[in-house]
Amino acid sequence: MNIESSAIFNLPFITVVVLIGIGLYALMFKRNLIKIVIGITLIESGVNLFLISLGYRKGCYAPIYTNAPTTAMVFPIPQALTLTSIVIGFAVTALMLSFAVLIYKNYGTINAVKTRRLKG
Amino acid sequence: MFENLVMHLPILIIVIPLFGAFAIYLFGKVSDKARNIFAFILLGVTEFLVLVLGKDIYTNGLRVYTLGATSAEMTTPANYIMPVRIILVVDALSIFMGIITVTIAFLIFIFSLKSMKEYSGTDKYYTLMFLLLAGIIGIEFTGDLFNLFVFLEIATIAGAALVAFFTHKAESAEAAFKYVVIGSLSALLVLFAVALFYGQYDALNIGYLGNVMEHSFLDKIAFGVLLTAFAMKAGSVPMHMWKPDAYGEAPGPVAAMLVTASLASMYALLRVCFTLYGRGLNTEVIGWIIAVLGLLSIFVGVSMALIQNNFGRLIGYTAVAEVGFILLAVGVGFAEFSSTGFGFIALQAGLFHILNDALDLGLLFLVSGAVLHATGKRNLNELGGLARNMKYTCIFFILGLCAVAGLPPMNGFASKLMIYESVYQFNPVFSIIAILASIFMLAVFVKVLYSVFLGPELKEFSSVKEVPASMLLVMGVIAVLIIVIGLCPDIFVNWVINPAARALIDYGIYRGMI
Amino acid sequence: MIPMSKIVRTITNILYVFIIGFGFYVIIHGHLTPGGGFQGGAVVASAFALLAVAYGRKKIVNLLNKEHLSVAEVSGLLAFICLAFLGLGTVFFFNFLAVGRSIPIFSNTPAGINPGDLNTAGIMPLMNIAVGVEVLSALGVIILTMFLGFKEGKEK
Numbered sequence: 001m002n003i004e005s006s007a008i009f010n011l012p013f014i015t016v017v018v019l020i021g022i023g024l025y026a027l028m029f030k031r032n033l034i035k036i037v038i039g040i041t042l043i044e045s046g047v048n049l050f051l052i053s054l055g056y057r058k059g060c061y062a063p064i065y066t067n068a069p070t071t072a073m074v075f076p077i078p079q080a081l082t083l084t085s086i087v088i089g090f091a092v093t094a095l096m097l098s099f100a101v102l103i104y105k106n107y108g109t110i111n112a113v114k115t116r117r118l119k120g
Numbered sequence: 121m122f123e124n125l126v127m128h129l130p131i132l133i134i135v136i137p138l139f140g141a142f143a144i145y146l147f148g149k150v151s152d153k154a155r156n157i158f159a160f161i162l163l164g165v166t167e168f169l170v171l172v173l174g175k176d177i178y179t180n181g182l183r184v185y186t187l188g189a190t191s192a193e194m195t196t197p198a199n200y201i202m203p204v205r206i207i208l209v210v211d212a213l214s215i216f217m218g219i220i221t222v223t224i225a226f227l228i229f230i231f232s233l234k235s236m237k238e239y240s241g242t243d244k245y246y247t248l249m250f251l252l253l254a255g256i257i258g259i260e261f262t263g264d265l266f267n268l269f270v271f272l273e274i275a276t277i278a279g280a281a282l283v284a285f286f287t288h289k290a291e292s293a294e295a296a297f298k299y300v301v302i303g304s305l306s307a308l309l310v311l312f313a314v315a316l317f318y319g320q321y322d323a324l325n326i327g328y329l330g331n332v333m334e335h336s337f338l339d340k341i342a343f344g345v346l347l348t349a350f351a352m353k354a355g356s357v358p359m360h361m362w363k364p365d366a367y368g369e370a371p372g373p374v375a376a377m378l379v380t381a382s383l384a385s386m387y388a389l390l391r392v393c394f395t396l397y398g399r400g401l402n403t404e405v406i407g408w409i410i411a412v413l414g415l416l417s418i419f420v421g422v423s424m425a426l427i428q429n430n431f432g433r434l435i436g437y438t439a440v441a442e443v444g445f446i447l448l449a450v451g452v453g454f455a456e457f458s459s460t461g462f463g464f465i466a467l468q469a470g471l472f473h474i475l476n477d478a479l480d481l482g483l484l485f486l487v488s489g490a491v492l493h494a495t496g497k498r499n500l501n502e503l504g505g506l507a508r509n510m511k512y513t514c515i516f517f518i519l520g521l522c523a524v525a526g527l528p529p530m531n532g533f534a535s536k537l538m539i540y541e542s543v544y545q546f547n548p549v550f551s552i553i554a555i556l557a558s559i560f561m562l563a564v565f566v567k568v569l570y571s572v573f574l575g576p577e578l579k580e581f582s583s584v585k586e587v588p589a590s591m592l593l594v595m596g597v598i599a600v601l602i603i604v605i606g607l608c609p610d611i612f613v614n615w616v617i618n619p620a621a622r623a624l625i626d627y628g629i630y631r632g633m634i
Numbered sequence: 635m636i637p638m639s640k641i642v643r644t645i646t647n648i649l650y651v652f653i654i655g656f657g658f659y660v661i662i663h664g665h666l667t668p669g670g671g672f673q674g675g676a677v678v679a680s681a682f683a684l685l686a687v688a689y690g691r692k693k694i695v696n697l698l699n700k701e702h703l704s705v706a707e708v709s710g711l712l713a714f715i716c717l718a719f720l721g722l723g724t725v726f727f728f729n730f731l732a733v734g735r736s737i738p739i740f741s742n743t744p745a746g747i748n749p750g751d752l753n754t755a756g757i758m759p760l761m762n763i764a765v766g767v768e769v770l771s772a773l774g775v776i777i778l779t780m781f782l783g784f785k786e787g788k789e790k
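Protein chains in written order, with the numbering used here: chain A, 1 to 120; chain B, 121 to 634; chain C, 635 to 790.
Derived from the structure by calculation, the hints contain no laboratory data.
None of these values were measured; they are calculated from a predicted model.
Any given hint could turn out to be false.
Stated by the list, open to error - Lysine-lysine pairs mimicking DSS-like chemistry, simulated, CA-CA at most 25 Å apart:
id, chain 1, residue 1, chain 2, residue 2
1, C, LYS640, B, LYS149
2, B, LYS234, B, LYS175
3, A, LYS105, B, LYS234
4, B, LYS175, B, LYS149
5, B, LYS153, B, LYS289
6, A, LYS114, A, LYS58
7, A, LYS105, B, LYS579
8, B, LYS153, B, LYS237
9, B, LYS579, B, LYS511
10, B, LYS175, B, LYS244
11, B, LYS579, B, LYS567
12, B, LYS175, B, LYS237
13, B, LYS511, A, LYS105
14, B, LYS497, B, LYS567
15, C, LYS640, C, LYS693
16, A, LYS35, B, LYS237
17, B, LYS237, B, LYS567
18, B, LYS289, B, LYS175
19, A, LYS114, B, LYS579
20, B, LYS244, C, LYS640
21, C, LYS692, A, LYS105
22, B, LYS511, B, LYS567
23, B, LYS153, B, LYS175
24, A, LYS35, A, LYS114
25, C, LYS640, A, LYS105
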C-alpha cells in the first residue's frame with residue numbers, strides 16, 4: 001500500500017479509532033435509547049471511514065473514466081464496499097428508530113433502565 | 121442439459137426465496153389462498169433443488185459459481201493474477217447446512233399457515249420469513265467475506281423485524297431492539313475484520329486469502345475480532361443476553377427459524393477457523409479458548425433455565441446451552457486438527473449436534489407455539505392440565521424433551537455420547553460438567569412437562585381444543601426424523617457428516633478451487 | 635404536524651420539481667458520474683420529506699399514497715431480479731447487453747478515457763433505474779410512516 005508512514009498521513013486511522021471509541025462508550029454507558037442508536041451510527045461511520053481510507057494511492061485521481069485527466073486512479077473496490085455498508089447502516093438505523101417509537105408508544109418513556117421489563 | 125441446470129443451482133437456491141419474498145407481497149394483495157399456494161410451490165421447488173445439489177456434491181465434490189463472468193467456473197479471467205467477482209463456493213459442509221435450513225423452513229411454513237392465520241399483518245410475516253431464509257442460505261453458500269457480511273446483516277434485519285411481530289405488547293419491541301443492536305454490532309465487527317484483510321492483501325475471497333495469508337500481527341487481531349463477532353451472533357456466553365429475550369417474545373415458528381440463523385453464524389465461525397486460517401494459528405490455544413467458552417455457555421444456560429417462568433425464555437436458555445455443546449465439541453476438534461483420532465470424532469460430533477439441535481429446538485419451539493395458539497398464554501404458572509385436551513402435542517413434547525436431554529433412542533443421545541467420549545479424552549473435567557448439565561436439563565424439562573401438561577385441570581382451559589391437523593403433521597414429521605436419526609446414527613455419521621468434517625480438515629481442496 | 639407558513643409553501647411548490655428532476659438525473663447517469671440507484675433515490679425521497687414538512691399531516695395524504703409507494707417498491711425489486719435472471723443463459727447477472735451487441739439498447743462499450751456517452755454499459759443503467767425506483771419508494775414509505783405516527787400537537 002502506498003501510504004506514507006509520517007504522522008499526518010495516519011490521520012484517517014486515528015479518527016477511526018476515536019470514532020469507534022466514542023461509539024462504544026455511547027453504546028455501553030448511556031441510558032437513553034436514542035443515544036444507543038447514535039452510538040451504533042458512530043461505530044458504523046468509523047468502520048466506513050476505515051474502509052474508504054484504505055483505497056488511497058498517492059497522487060491519483062477519482063476512478064471515473066468520463067473526461068479523466070489520467071489513468072492513475074485510486075482503488076475503486078473499497079468505495080463499492082463502503083456504499084453497500086452505508087445502505088445497510090441506513091436500513092438498520094431506520095429499523096432501530098421504529099423500535100424506539102414502538103417502545104415509547106407502549107411504555108411512555110425511552111429510558112433504557114425504566115423499560116427493562118424482561119429480567120432474569 | 122441436466123449438467124447445465126446443476127451448474128446454476130447454487131445461485132438459484134439463494135435467489136428463488138429472495139424473488140418469492142417480494143412476489144408474495146404482490147400475490148397477497150390479490151387473495152390469501154393464491155399467496156399460500158404460490159409460497160408453497162416456491163418452497164417445494166427450493167427443497168427439491170437443494171436435495172439435487174446435495175446428491176451431486178456428495179458424489180462429485182465441490183462446486184464454484186462466479187456471478188457475471190462468461191462461464192460459471194471462470195473465477196480468474198485470462199491475464200488476471202487473482203480471482204475477481206462475487207464467487208459462491210458450495211462444498212460438503214455448506215450443502216449439509218443448506219439442507220437443514222431449507223427443510224426446517226419448509227416445515228415451519230406449513231406450520232405457520234394455520235398458526236398465524238388469526239393475526240393481521242401476515243403478508244409482511246411471509247415476506248420477512250422468505251428474506252430471512254434467503255439471508256441464511258446466503259451465509260452458508262458464499263465464498264467471499266464481504267458477501268458474508270451482507271447476508272449476515274440481511275438475516276439480522278429480517279429476524280429482528282420478525283421478533284417484534286406482536287406490536288401490541290411492549291416487551292416484543294424491547295427484545296427486538298436488543299436483538300438488532302447486538303446483531304448489527306457483530307456485523308460491524310465482521311466489516312472491521314474485512315477492512316483489515318483488504319488493507320493487507322487486496323482480496324476478499326476465502327479460498328484465495330487462505331493461500332496468500334502471512335499470519336502477521338494484524339491477522340491475529342482480525343481473528344480475535346471475527347471470533348468475537350460470530351460468538352456474539354451465535355449466542356455464547358459473554359453476549360448471550362439477547363437469546364432468552366428474543367426467543368421468549370417471538371412467535372413459535374419465528375423462534376425455530378432464529379435457531380437456524382444462529383447455527384449459520386456457527387457455520388461461519390467454522391469456515392473462518394478451519395479454511396481461512398487452517399494450521400497457521402496456534403490451534404491448541406485457540407481450541408482451548410473455544411472449548412472453555414462452550415463450557416461456560418453450557419453452565420450458564422442450564423443454571424438460568426432452572427428458574428424461568430416463561431415457556432419461551434426457558435427454551436431460549438436451553439438454546440444457549442446447546443450452542444455451548446457445539447462450541448465445546450468444535451473447540452476440541454480444532455485443538456487436535458487431524459483426520460484420525462478423537463479430535464476428528466469431536467468435530468463430527470459437533471456437526472452432528474448442529475443437525476440435532478436444529479431439529480430438537482425446532483420441535484420444542486413449535487410445541488410452545490401450539491400451546492400459545494390454543495390457550496394464548498406463555499407463563500408456566502398460569503398453564504396446567506393441558507394433556508387431557510391436547511394429547512398429541514403432549515406426546516411430541518415428551519419426545520422433544522427426551523431428545524434435548526440426551527435420552528436414548530433419540531438423536532440427542534447419539535450426538536451427546538460422541539461429545540462426552542471425545543471430550544473425555546481431551547480433558548475429563550469438561551466431560552463431567554457436560555454430563556451434569558444434561559442431567560439438569562432433564563430436570564428442567566420434566567418440571568415444564570408437569571406444570572404445562574400434567575396436573576389438575578384448570579377451569580379456563582376446559583374448552584381448549586387440539587391444534588389443527590397441519591400443525592400436528594409438521595410436529596409429527598420432525599418427531600419421526602428425530603427417532604429415525606436416533607435409531608441409526610452410524611448411517612448418518614458415515615454418509616452425511618463424515619464428508620462434511622473431512623472437507624473442513626482437508627482445507628486444501630477449498631483453497632485450490634479458486 | 636401543523637403546516638408551515640405561506641412563504642415556505644410557495645417556495646416548496648416551485649422547488650420540489652427541481653429536486654425530483656435532479657434525483658432522476660443522478661439515477662440515470664450512474665454509470666458515468668458518481669451516483670447511481672441509491673444516491674438518486676435518496677435525493678428524490680428528500681423532496682418527499684420537504685413536501686411532508688411544508689404541508690402538514692392533513693394534506694400530505696392527498697399527495698403521497700402509501701399503498702402505491704409499496705407496490706412501486708416491490709416492482710422495482712422484482713425488475714432488478716428479473717434483469718439478473720435474463721442473463722441465465724450464460725451465468726446469473728451476466729451483462730448480456732454489453733457483450734452480445736445483438737439488442738441495441740445501451741450496447742456501446744468504449745474503453746479507456748472518453749467523454750461519457752449515455753448509451754453505454756449494458757444492463758447497468760436499467761438496474762440503476764430499478765434500484766432508484768425501489769429506494770425512493772422505500773424511503774418514502776419510511777418517511778410517511780414516521781411522519782403520520784406523531785401524536786397531535788396543539789393545532790391553532
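Going down the list of hints, with the structure as the test:
The straight-line distance between the Cα atoms of LYS640(C) and LYS149(B) is roughly 40 Å, outside the 25 Å bound, and the hint therefore fails. For a cut-off of 25 Å, the pair hint linking LYS234(B) to LYS175(B) is broken: about 33 Å separates their Cα positions. Restraint check for LYS105(A) and LYS234(B): the C-alpha separation of about 30 Å exceeds 25 Å, so the hint is violated. Only pairs whose Cα atoms come within 25 Å are accepted, and LYS175(B) paired with LYS149(B) is rejected, the gap being roughly 38 Å.
Restraint check for LYS153(B) and LYS289(B): not satisfied, since their Cα atoms lie roughly 29 Å apart, outside the 25 Å limit. Distance hint between LYS114(A) and LYS58(A) is unfulfilled; the C-alpha atoms sit about 52 Å from each other, more than 25 Å. Taking the CA atoms of LYS105(A) and LYS579(B), the gap is about 35 Å. The hint is violated against a cut of 25 Å. A C-alpha spacing of about 12 Å is found between LYS153(B) and LYS237(B), which places the hinted pair at or below 25 Å, so the restraint holds.
Taken as a hint, the LYS579(B) and LYS511(B) pair is honoured in the structure, with Cα atoms around 18 Å apart against an allowance of 25 Å. Simply put, LYS175(B) and LYS244(B) have alpha-carbon atoms about 34 Å apart, too far for the 25 Å limit, and the pair is violated. Between the alpha carbons of LYS579(B) and LYS567(B) the distance comes to roughly 21 Å, so the proposed pair stays at or under 25 Å and holds. Taken as a hint, the LYS175(B) and LYS237(B) pair is broken in the structure, with Cα atoms around 36 Å apart against an allowance of 25 Å.
The straight-line distance between the Cα atoms of LYS511(B) and LYS105(A) is roughly 40 Å, outside the 25 Å bound, and the hint therefore fails. A C-alpha spacing of about 17 Å is found between LYS497(B) and LYS567(B), which places the hinted pair at or below 25 Å, so the restraint holds. Distance hint between LYS640(C) and LYS693(C) is fulfilled; the C-alpha atoms sit about 14 Å from each other, no more than 25 Å. The hinted pair formed by LYS35(A) and LYS237(B) fails the criterion: a straight-line CA distance of about 38 Å is larger than 25 Å.
With a CA separation close to 31 Å, the supplied pair LYS237(B) and LYS567(B) exceeds the 25 Å bound. Proximity of LYS289(B) to LYS175(B) is assessed by CA-CA distance (about 45 Å); at most 25 Å being required, the pair is judged violated. Restraint check for LYS114(A) and LYS579(B): the C-alpha separation of about 36 Å exceeds 25 Å, so the hint is violated. The straight-line distance between the Cα atoms of LYS244(B) and LYS640(C) is roughly 40 Å, outside the 25 Å bound, and the hint therefore fails.
Under the criterion of a C-alpha separation no larger than 25 Å, the hint pairing LYS692(C) with LYS105(A) is consistent with the structure, at around 21 Å. Between LYS511(B) and LYS567(B), the direct Cα distance comes to roughly 18 Å. Compliance with the 25 Å bound is thereby established for this hinted pair. Between LYS153(B) and LYS175(B), the direct Cα distance comes to roughly 33 Å. Violation of the 25 Å bound is thereby established for this hinted pair. Using a Cα cut-off of 25 Å, the hinted pair LYS35(A) and LYS114(A) holds, with the two alpha carbons roughly 15 Å apart.
Straight-line distance between C-alpha atoms of LYS640(C) and LYS105(A) comes to about 33 Å, which puts the hinted pair past the 25 Å bound.
Of the numbered hints listed earlier, those contradicted by the structure are 1, 2, 3, 4, 5, 6, 7, 10, 12, 13, 16, 17, 18, 19, 20, 23, 25.
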